[in-house]
Every structure is written in structure tokens, then in C-alpha cells.
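Heads up: the protein sequence lines correspond to chains S and H, in order.
Residue numbering for the first sequence is 1 to 604, as defined by the UniProt record's numbering.
Residue numbering for the second sequence is 1 to 397, as defined by the UniProt record's numbering.
Honestly, I wouldn't trust all of these hints.
As the list claims (entries may be wrong) - Simulated crosslink set (DSSO-like; lysine-lysine; CA at most 30 Å straight-line):
hint, chain 1, residue 1, chain 2, residue 2
1, H, Lys118, S, Lys92
2, H, Lys281, H, Lys228
3, H, Lys292, S, Lys75
4, S, Lys596, H, Lys118
5, H, Lys22, S, Lys43
6, H, Lys226, H, Lys346
7, H, Lys69, H, Lys233
8, S, Lys92, H, Lys293
To be verified - Distance ranges between label pairs, derived from CB positions:
hint, chain 1, residue 1, chain 2, residue 2, range
9, H, Lys281, S, Arg326, 51 to 57 Å
10, S, Phe355, H, Leu5, 51 to 57 Å
11, H, Gln19, S, Gly89, 48 to 54 Å
12, H, Leu124, S, Gly89, 42 to 48 Å
13, H, Val161, S, Ala273, 31 to 37 Å
14, S, Gln544, H, Gln19, 30 to 36 Å
15, S, Phe355, H, Tyr50, 49 to 55 Å
16, S, Phe533, H, Ala295, 16 to 22 Å
Said to hold, decoys possible - Derived list of chain H stretches under chain S, where covered just means 3 residues or more per stretch with a C-beta under 8 Å from a C-beta of chain S:
hint, stretch
17, 53-59
18, 95-104
19, 156-168
20, 193-199
21, 231-244
22, 252-264
If you are wondering where the hints come from, they were derived from the structure by calculation, not from laboratory data.
We put the beta carbon where it would ideally sit given N, CA and C, even for glycine.
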Amino acid sequence: MSAVAHAHDHSHDHDHAHDHEHHHKDTFITKYIFSIDHKMIAKQYLITGIIMGVIGVGMSLLFRMQLAWPEESFKVFSFFLGDNHAPDGVMKNDMYLALVTIHGTIMVFFVLTAGLSGTFSNLLIPLQIGARDMASGFLNMVSYWLFFTSTVIMVSSLFVEAGPASAGWTIYPPLSALPQAIGGSGAGMTLWLTSMAVFIASSLLGSLNYVVTVVNLRTKGMSMTRLPLTIWAFFITAIIGIISFPVLLSAALLLLMDRSFGTSFFLSDIYIAGEVLHYQGGSPVLFEHLFWFLGHPEVYIVILPAMGLVSEIMATNARKPIFGYRAMIMSILAIAFLSTIVWGHHMFMSGMNPFLGSVFTFTTLLIAIPSAVKAFNWITTLWKGNLQMNPAMLFSMGFVSTFITGGLTGIILGDSTLDINVHDTYFVVAHFHLVMGISALYGMFAGIYHWYPRMFGRMINKNLGYVHFWVTTVCAYGVFFPMHFIGLAGLPRRYYTNTNFPLFDDLQNVNVLITLFALVGGAFQLVFLYNFFSSIFFGKRAPQNPWKSTTLEWTAPVEHMHGNWPGEIPHVHRWPYDYNKPGHDEDFVPQNVPMKEGEQQLHH
Amino acid sequence: MTTLLVIVILVLLSIALWQLTKIFDLTQAGKVAQGNSQVANDTDNNIQGYLMFGFLAFIYIFTIYGLIKWGHFVLGTPASAHGAQVDNLMNITWVLIFTVQTITQGLLHWFAFKYRGKEGQKALYFADNDKLEFVWSVIPAVVLAGLILYGLYAWTNIMFVDEDEDVLVVEIYGKQFSWEARYAGEDNVLGKANVRYIEGVNTLGVDLADPHAQDDKVVNELHLPKGKKVLFKIRSQDVLHSVYLPHFRAQMNAVPGMVTQFAFEPIYTTAEMRDMDHMRKKVHDINEIRAKKSAELIAKGQPGLDPYTFDYLLLCNKICGASHYNMQMKVVVDEPEDFKTWLEAKETLVAAVKASQEKPADETADATPMVKDSAKPAAPAADSSAVKKSATQAVKK
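Pulled out of the complex, with its shape left as it was, chain S reads as follows (with noise of 0.2 Å):
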């Protein structure tokens, strides 16, 4: 009720912003917990987004440990999985698969796409275009909190006596219809699907939101051409999001029907526990079409945001115009464009047809060229800067690393040829975590060190920053690099151990490497935790513009207010990365500063 109440308040203060702190008091659930402010909005994003980052790396630790030391007795088994799971502290093969399981929905869903896209698409695109608020921030309070929920049922799906799902993030089904198969594709794959179906929902609130507002509430002069790169990958994403999202929720569903009532969309001829089941004439195919429709946009949607942050961090930070405006946007869009049509490079090996394979081979190797030109740019955009290392920049240029280092082998896998053999092995591992996982976090902790002082008012340790960045980045090679290796000696995936192929016996050394540097990375992230949580309380105050910045949320007040301006909005007169432009004494022209008399635009 008075969410509502406090919606109808708000659509009102876009005439009276000037006096609207004096007219509307809130109390703390309306300001911390129902708000419908963007800026706490972001702020619960993130933290929910970390608190589940914590848990989805932390299953990662796990099972690494599994993987380096198989079958051996651990006390942290024991605690955390408990007798059921893990007799002895052993870790049972099926739990083995559900933390896998878990820690891939866990980050692709809830740390990259909502605690990423999320946060900064929130924090940012009213901030940045100049507009009081989001479109509607009723809807906007209301994804959160349908976000929320479905983080509640999945983590809850990890109680269930039979574990939670365990057939793989990507859930294909048989697998994950039967619980014959499998004891987590009973109840926890059920409320697997649940929080999925719920999260999409809020995904879509969220992203309908973004649009509207891009589209709508930009202030006067803010052109399209005049986004910062931010608002164009927030606002590009969130199309993906609304054209792909929905294609999983229909997945979902259909499999829900197959699982509940007997329908035989995804399955066909099964004999299973000594019984035949009566599905005739479905497909698993069709599944994996429709899951990775989403999919594989879904990877775009996790890595775009990344890069608009990197893009604006990199240039603020470099003193220098981001290089090529126009030709990041048209990356842009064509990643977007051909992230759609590429989904078929994950199931060469399914069993369709071959001559989609040459199609979807075609297609997949072409988003290389886009990506290229974006790499390329932000490498010219260094060129002849005067960089100043602030732990954000440094994750920024970590991003650009590893996105190529990752990118690479998707020439290798995107290639179906290549693809037999290296299909489903620890290279594919290495390829996407490196890529979309690591790059994509390392956005994310960009974007975070960044606008700290934004969000909270106060600036975060830069020191613990550095200890924090060069620990990661050493520590990311060190577990995937070596991957690439074990992967091309044809090591598959989701193995609980490799002991029953003395094949493989001489990577276990490898495997002890990674999982080392794996724990040492992981401890690392408590700096990161530490210094985030301490800096909200003890961090020294944020002046308004730190890092000398030229978008707009940086001409707002450091106290957070609804409305976001005191007064009118900013105009706006220029592009965003007016850094040293010829003509100028100070080394930044902020957005919402007119043009000289006789000044020149001297970019395309």
C-alpha cells in the first residue's frame, strides 16, 4: 500500500522536484527495503548479488577441492553438505554434480546478469541520462523483490532432502525431467524451475523498464549520440533480455508440463529403472534449442554491460576520449544482432542436422569481427593517455585481457570441425569462464570500485583495491589457464573424479594447481569483502566528482535524494568524452557544459 502511495508521491515531483525533500518523509522500510528510489534499487541488486556471489563461489571452492583431492575427507564437507551429502566428509558423486549445478545458475543468473546488469543498469540510467527516476519505480521496486524471491527458492531448493537440481545449469532434460535418473531432478528441480520462472518475470520488469525509460527520459540534448557507452550497452542488453528471456520461460514451462503432467514435449522412448515410460514422440533437441536461444544471448547480456562499464571507466580513467564512439555502438548492436542467431554453436554435437552446424559455424566465427574492433579500440584508447590506475581502471584493462585471452579459443569452439573434440571438455570450461565469467566479474568489481563513491557517499580503499586486483588477475590465469590443457588432452567436464581413467592420470598434478590457485583467489575476494562492507561505514566521504568524470551522475548531489537533482535537470550539451580536448584548461569538459563560443565538435 504505500509503495503505491509512494509511486503516485513520485510521478508528482517531476514538477516540484526543487521542494521535494521538505513534503515527503520516509520511514526505513520505505526507504531501505520497499523503495522505490533507483539509486537503493542498484544498492540491493548489489548486495543481494553478492551475498549470492559469495555462495556460488564458495561452491566452486568445493568442488575444486573434489576435483584436486578426489574422495578424500574434508571437514568443510561435512559442514557445509553435511552426512547426507557428504558420509564422512566425503563428497557423494550426485552432490558433486548439484554444486555444479548450482554454482552455474547461481552466477550466470543471479551474480552476472542481476547483480551486474542489474546494479548499474539501475544506478546508471537515470543518473546518467539526466532523469529523475526510472519509467516506473513501482515496476522497478517491484523486480527487485520478485528477484529477491526467486534467490529465496533457490537457495531454499538447496535444503531439499534429495539435493537440490543437479542436471547441469543448462538442465536438459531427460536428466532433469526424471527422478529416476537423477535425485536432484525431484523436488530441486522444481523449485529450480520456480525461481527461474519468477526471475525471468523480474528480468523483464527490469529490462521493459530500462527501455522505456532510455527511450523516454532522456534530458534536453540528450541525443542518442550523446549516451555515454553505458547506456547504450544497458539499453541494448535489456532488448536482448526482452526478446530471449521469454523463449526460457516457455522451456520452463514445457518441461514443468513434462515433469507434473505427463506431456512428451522434450521426451521420447525411455526405459529407465527397469521400466519403459510411456513419452513418445518429444525431443531433448527441441530443448536445447530453446534453452540456449536464451542462452546464448544471455552471455551477451552478462558481457555488454561489462563492456559499456569498462568503455566509460577506461576513457575517464585514461584522460582520453573512448576511441571510435560510433564503431562501439555498431559493435554494439551487431554482438546484439548476431547473438541471436548464434545459439547452434552449442549443440554441434546434439544430433541435428550437420548443415545447421556449417550455418551456425558461419555466424558464430562473424561475431568475432565485432568483437575485434571493440578490443582493438579500447587498446587505442590507452594509446598516448595518461592513465590513471585507479582499481576500477585496473580491472578495466584485467577486463580487456581476459576477454581476449577467452576470446581466442571461441575461434576454436565456434568452429564445428574444432568443436568435436573439444565439445563438453575442461576447454570449453576454460573458454567461458575467461571470457564471460572472469571478464564479466571483472566489469562488475570495475564498475563497483568506480561508483563506490556514487552509491554510498564515501570513497573505498584503493589499497586493499590493488592487493584485491592483482590477486584475482594472477590467481584467474592461474585456474584457467591451465585448463585450456587438460581440456585439449580430452579431460571431460563434470566428472566427479578422473580416477577411473588412468588416461588422465597425469593431469592431477594440473588439477591440485588450479584448485590451489582456485582457493587463493577465493580467500582473496574477503579483502574485496571486507573493504566493501567497511568503506560503507568508515570509508572517508566522497567529494562529488573523484575521478574527474564528465557524465552527468556526477553533477548530482553526494546525498542521495529522490529526484536525484535539487532543482532542474541538467541540459545537456556535449557528447560524454570531452577528456583533454584541445582548447580547454582543466583536462574534462562535463556533459552539461555549454560550448565555448566558436568551439568545435572534433569527434564523428
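Given the structure of chain S, go ahead and fit chain H onto it with the hints provided.
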């Protein structure tokens, strides 16, 4: 023990770094008046710039170290005819990847070092350049076009099997958590099969009434003749599996409800492969590791490990349940004569079913066969009533 060690190392490392940052903080506070603005100053820029350069060295050295230390893990000489083409394309791609990786990482980190911020340094206002954009769009486009063409050519060669090609037809059948294989026999045509026919010895659900099924042979160990193209017809009984034969550069999912296929020609027998230099070295290395581990196990009073001899393997490579990690079948490539002798010695499925029916007295004789059989479009002819009975019973369930 190892865990304890790891934890101790972690704790010590964190303490060391924590102290380091503290010292760092303190020195900075003294040096600059408004030292802890938390915005990078020239000292930071300098240190981080050098570290970036150091990191470039780390990437290069780690790459070279990996290639030397782990390079030999990469699967060696392919054992199939099309494998050479796959590996060739792979090598071309690797050359490209290493070149681009070395150059771009070099530029990225070198620029980070070279242009690290200094008080008074002015960045160049360089917003765009159409020529550059054009060059670095066209070069990748041309290079990728080459790769795509080669890739598609190879893909078409590998994946499409001509109708009239002379091939040996073999069925691979996956189920939780084992593999079986069925040879098509003299007529080289597999008998029809469906899970609804599964009964006793007939674990593959072969329709025993199908004339083509009469000479089919089912085995648990896959033998292939050297120098003959084999067409694999792949089925699954329950969930998705994937037939993965890494040494043959072959993979295809097993999908319940449909038959998928993959074809290749084995070119080295198991004996020949064992005799190759890289394989001898690999087996030697593995046996050293196993001997050491074995000694440890025996010291602990557990049974030791057998030494390893190389065999081709078929692995499951699609998550299929709790024991996915141990779903394998041995593959043997023989000289054609040896293969023929081996296969001839195997009993046909029909004979095996007959034998199993004769042995135990017909226990299910009193079960009345159901007449209506709606779920199965083509009912088997009545020459094997026991099978039919089982099929209908299964459907009833």
C-alpha cells in the same frame, strides 16, 4: 594434511598482505598532505604501471611454461582418417591465436606501462579514425573467412556420409552408466529397435522379428577393423549421453527417441598406437605416477594400482547422472582379419535370446499376452512371443 597446509598458507598470505597494505597506507599518509583521498596519485600510477608491465611478463612466461610443462598432454597423432584434417585446422588456428594473443596483450600492457599517469602529462585527444577502424574490421573478416571456408569444407567431409559408401554399420547404445555395441552382421543393416522391446538378454530392445535383426550381434567391447570406414548409429536408452572417442576426434550425442550418427575410418590398430613414441612416453609417465601412488596406497594397507597399458576408449561426455564420471567402453582397433575372427566368434543376439529362454523354465508362461498394443505402431511378428509379451507388459506399466 594437505588441507591444513593450504589453510595455513592462505592465512599467512593474507596476514602478510594485510600488513603490507597497512604499511603502504602509513607511508602514504606521511608523504602527501591529502594522502588518503583514495584516488590514484603519481606514486600509485608508477607502481601499478610497473606491475602491469610485470604482469605482461607473467602472461608470456606462464604461456611458455604451460607449453613446455603441459604441452605434451594435448592428444597426439589422431587414430582416424579425418583426424589429420581436424588437427591441421586446429594447428592453423593455434598459430593465429598465439600471434594475436602475443601482440594484443603486449600492446595492452605496454601501453598501460608506457602511458601511466604523471602530473602534467597531457593525453592526446584522439577520438576516432575511420581508416584504422576499417583496417581492423577487414583484417579479421578476411582471416575468419579463410578459417570458415576451411572449417566448413572439413565439417562437410566429416559429417555427411554418402548413401552408397561402403561402410561397416555399428550401433552404439548408451544407458546409465554403460555402453553396448551392436554389429549389423552379414547384411550390414541393423534390425529395428525400440526400448519397448527390452527384455532379459535383449538389453538393446532389438525387434527380434525384423529380418535384418537375425544376424545382429551385441557386445560390451567395441572392436573396429583398421582401414574400413565405420558408420556409428547412436541411440540412448534413458537420458542424453555423448559418445566421445577423443583419439579418433569423434563425438556425437546419444539422444533418447532418435538415432544420431557419426562416421570415421580408424587408421592405427591398438598395437600400432601403443607403439608410437608419444604414446610410449605418455604411458611411461603415467606408470611412474601410478607406481608412486600405488606404493602410498599399499603403505596405508589399501590395494595398489595396476600399471596402465594404453587402450582406445569411448567416454560419456554429456552429464547423465551420478556415475557419469565412470561410463566408459574399451575400444580395440584390429587388423581386418583379426576383427573378422573376433566378430565371427560372437554369438548372434537371436541365438543368445533363444539360449536364455531355454535355460530357465518358462516362468512367465502364465502371463496372458495383451492383444491391444496401441503404444507401439509396428507390432513384431509372432515368432517370439516372449519378447512380445514383455514389450506389452512394459507398455502397460
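Hints, verified against the model:
{"no.": "1", "hint": "H/Lys118 / S/Lys92", "in the structure": "violated (56 Å)"}
{"no.": "2", "hint": "H/Lys281 / H/Lys228", "in the structure": "holds (28 Å)"}
{"no.": "3", "hint": "H/Lys292 / S/Lys75", "in the structure": "holds (27 Å)"}
{"no.": "4", "hint": "S/Lys596 / H/Lys118", "in the structure": "holds (28 Å)"}
{"no.": "5", "hint": "H/Lys22 / S/Lys43", "in the structure": "holds (29 Å)"}
{"no.": "6", "hint": "H/Lys226 / H/Lys346", "in the structure": "holds (19 Å)"}
{"no.": "7", "hint": "H/Lys69 / H/Lys233", "in the structure": "violated (39 Å)"}
{"no.": "8", "hint": "S/Lys92 / H/Lys293", "in the structure": "holds (22 Å)"}
{"no.": "9", "hint": "H/Lys281 / S/Arg326: 51 to 57 Å", "in the structure": "holds (55 Å)"}
{"no.": "10", "hint": "S/Phe355 / H/Leu5: 51 to 57 Å", "in the structure": "holds (54 Å)"}
{"no.": "11", "hint": "H/Gln19 / S/Gly89: 48 to 54 Å", "in the structure": "violated (33 Å)"}
{"no.": "12", "hint": "H/Leu124 / S/Gly89: 42 to 48 Å", "in the structure": "violated (60 Å)"}
{"no.": "13", "hint": "H/Val161 / S/Ala273: 31 to 37 Å", "in the structure": "holds (35 Å)"}
{"no.": "14", "hint": "S/Gln544 / H/Gln19: 30 to 36 Å", "in the structure": "holds (34 Å)"}
{"no.": "15", "hint": "S/Phe355 / H/Tyr50: 49 to 55 Å", "in the structure": "holds (53 Å)"}
{"no.": "16", "hint": "S/Phe533 / H/Ala295: 16 to 22 Å", "in the structure": "violated (49 Å)"}
{"no.": "17", "hint": "53-59", "in the structure": "holds (count 3)"}
{"no.": "18", "hint": "95-104", "in the structure": "holds (count 5)"}
{"no.": "19", "hint": "156-168", "in the structure": "holds (count 4)"}
{"no.": "20", "hint": "193-199", "in the structure": "holds (count 4)"}
{"no.": "21", "hint": "231-244", "in the structure": "holds (count 7)"}
{"no.": "22", "hint": "252-264", "in the structure": "holds (count 7)"}
Figure legend: structure checked against the earlier numbered hints; hints not met, in rising order: 1, 7, 11, 12 and 16.
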